[in-house]
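Participant: Protein chains in written order, with the working numbering: chain A, 8 to 297; chain B, 28 to 323; chain C, 12 to 260.
Take these hints with a grain of salt, some might be off.
As the list claims (entries may be wrong) - Just so you have them, the derived chain B footprint on chain A, three or more residues with Cβ under 8 Å: (1) 102-113; (2) 229-240; (3) 258-272.
Stated by the list, open to error - Not everything, but these chain B residues come out facing chain A in the computed CB check (under 7 Å): (4) Leu-101; (5) Gly-121; (6) Met-124; (7) Val-242; (8) Val-246; (9) Met-304.
To be clear, the hints were calculated from the coordinates, so they are not data collected in a lab. Here a beta-carbon is modelled for each residue, glycine too, at the ideal position from N, C-alpha and C.
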Amino acid sequence: MLLLQLLVDGLQLGAIYALMAVGFAVIFGATRVFHYAHGTSYVIVGYLFYYLAERLHLAWWAAAAAASAAGVVFGVLLDRWMYRPIQRDEGSFFTVFVASFGIAVVAENVIVILFGASFVSISTPLTRANDIGGGIVISHLGILSMLIAVGLFTFLNWFLAKTDVGVALRALSENPELVRSFGLNPRKLSQYAFAIGSLLVAPAALVATCVTGLTPTAGHRVVLISIAASIIGGIGSLRGAGLGGLILGLAESLAVWKLSTGWSEAVAFVILFAFILARPSGLFGSKARV
Amino acid sequence: MLGYILNLLILVSISGILAGSLNFIIGYAGIYSMAHAAFFGVAAYAGALVAMHVSTSLLVAIPVAMLICAALSLVISLPSLRVRGEYFVVASLGLQMIAFTVFSEWKSLTGGLGGLTGVPVATLFGYALRSLESFLAVSLVCLALVTFVIYMLARTSFGRSLRAIRDNEVAAAAFDKNATIIKTIAVAISSALCGIAGVLYAFHVSFVNPESFTVDQSVLIMAMIIIGGTGTVFGPILGALIIHLLPAGLTYLTFLPARDLASLQQIIYGAAMVLLMVYRPSGIIGSSNIKDTWSK
Amino acid sequence: MSDTPVLRLKSVNKRFGGVVAANNVDLDLPPGIITTLVGPNGAGKTTLFNLITGNLKPDSGTIELRGQSLADVDPRGAARLGIARSFQDLRLFEQMTVFENVLSVMERSALPWQPGGRAAARERREKADATIATVGLANWRDARSIDLGYAEQKFLSLARILVTDASLWLLDEPASGLDPASYARFVGLVRGRLAHGVTICLIEHNLDIVHGISDRIAFLDQGTVLAAGEPRAILNDPKLAAIYFGERR
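Please construct the entire structure, taking both the sequences and the accompanying hints into account.
Facilitator: Here is the structure:
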């Protein structure tokens, strides 16, 4: 039944969006940086994965690992060399945003020069659709991506609850004033935040490279979905960001029931506008902190 | 050669209007909009449709486009400015993305990815602007008018209120300034002025398609403001000139592959943004030692 | 002189998480005099200002301006009710000139024009220039406020308040750091307005100068009003001095 299939597709997409969104939320929550270049981490991971696996014919797991590591390194270095200096000086929200946007533009166009502007993708048998009963199809990769999402979120849950760094990050996210009061080291924390946030976006990129293909401009949509999900879920709530991502994925997929795929991409932003209009604090954000 | 120069000047005029109208809210009010290319596109499509179905007169197409752009701006500014300026950036990004989808998908209205072709020649008071010279004259007049409007607004109480809100919104509120309404009006004005550029563009190139109104275009407009300087009325125009001359200049560097020139431009502007934000603590806004000429 | 206070806080409470910013605060601001709030850092003085102007909402208690509740009032509403407020960190419109700073606070309409047309506009400009001259900043009229020296900025902050028609002034450490001569001039300007029916509440840190400026003092610590009344009595109280200078139980 079409609706059920769309639901399954929506869960897959939602899992991917949730990963991106939580990655962004971890970073924003801990550092208050509008990390527009979050989308750039995504593109770097995807294109590097493509390059290593498809062009250099590395084993896929090695390519995936290397690409993911590159994404993490990018995030951490950007924090070290760009965000930190800006925030030391004046660091208004907008200054950081423009710089982040600038990096995204540079990276996107370097990729255009290196790889061209059209789609690249990796063909793999994992994307073949398998009937799981009742006419519903799902690919191995689809199942894998959902499992990865669940796995990473479980790990994140543990990390944020049981480790010193994790607890600090979560506290930071909900109450930025606490950082200074409790003498936590913001520099080290922001490094962790960027590392984790950039790591979370890696599976999304890896999956997309195999399934939908990658273009240099994909980063814009990635970061917008992440922000939209964070706002929907409530700024300051990591759980909210994940839920927001899931909602957006489901909505976009279900929208295909009535709209063409082109229009369904706009659904996420319509939902975003609706929340900004009616409930800017999101589902789990505290009203006072908007 | 003359045709090339005339064409270039027309595009510079159009860009001058784009940059000036964006600077009105970024440099002047501290409102960062990433949707300017979207408004540019909406106006271009509106102008093209008016020209093809209603009237080729600029005096019809331009006001229609301005009205549509101003009304559309309310869609993002009313909900988000009520909250915080940061939400406005997000909302404007969202609008930019939706706009591209609308341009590409609403095929019956916009012609989809192929766009609208065959926009007729513009007319003004019945006179057809067939020659490049005549169109340039009109474009320059529009640029002058837009610049004048911005300059005048800057000197009024409205301009002062905008800058007060930009400089310190909390203090402005303590003195009963309604930041939400003032910013909303500023955004509407900025979008409407941008609409003029859109109509001129549609008539000049006589076709519109989604490719001209993407984030890349927003990057170019921002670069014009950054390079030309946000503190003066003429800065954005200078920036527009430089941005349009750069591609021509780059072609002289023959070791650069031609197909990469557009990307190289974007890389230069992106890098300029990063470097400026890192090394100029006051960011885009504020002229560190130069006297703020808005106050004149 | 009437006895009913211009501003009355009753049982005002405010907490931020575990921090008590205002603890059952009762405070009256009698009309036509200067009441000074003193107390160590973090005592909650600025918080009270924020509660009065609506930047913060109290958890409980009432705040009344001439009998009218300020419960639903936001900072703009407070300004409209005749409350003018200055900030400890000044919050000048930094990129704007001295003249524009003073002129702009009189331009309250959100529309691209102000009511009253040309005549009113000219009046506002004249009033701005007059006020700038009164505070002694005529030489800096067209300088950007961010380029001013420390003392000049303080006087500019005062000018912005002077030029409004406010009847209740809340000044947060308005003269801290001024040299004695400037300070005397500042106090003179402030005191001069009392005759026009203005009521003033100051936050002041420096106990030496508090004596000279205050008609009444309220001493705060950790969100609590420990004492309120004649300046001499409060300033000579050794217990309060101990708290102020950091010896705690």
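Participant: All hints are to be evaluated individually against the structure, with a verdict given for each.
Facilitator: Against the structure, the hints:
Here's how the region 102-113 of chain A fares: 11 of its residues keep a CB closer than 8 Å to some CB of chain B, so the rule of at least three is met and the hint holds. Evaluation of the coverage hint for the region 229-240 of chain A: fulfilled, as 4 residues show C-beta separations to chain B shorter than 8 Å, against a requirement of three. Closer than 8 Å: that is the beta-carbon criterion, and the region 258-272 of chain A has 4 residues meeting it against chain B, so the requirement of 3 holds. With 7 Å as the threshold, the beta carbon of Leu-101(B) stays out of range of chain A, its nearest partner Cβ sitting at about 12 Å, so the hint is violated.
The beta carbon of Gly-121(B) is positioned within 7 Å of a beta carbon in chain A (closest approach about 4 Å), and the interface hint is therefore held. Checking Met-124(B) against chain A by beta carbon gives a least distance of about 6 Å; that is within 7 Å, so the hint holds. With a cut of 7 Å, the hint placing Val-242(B) at the interface with chain A holds, because the nearest CB-to-CB distance is about 6 Å. About 5 Å separates the beta-carbon of Val-246(B) from the nearest beta-carbon of chain A, less than 7 Å, and the hint is met.
Hint status for Met-304(B): holds, given a least beta-carbon distance of 4 Å to chain A, under 7 Å.
In the structure shown, a violation is registered for the earlier hint numbered 4 alone.
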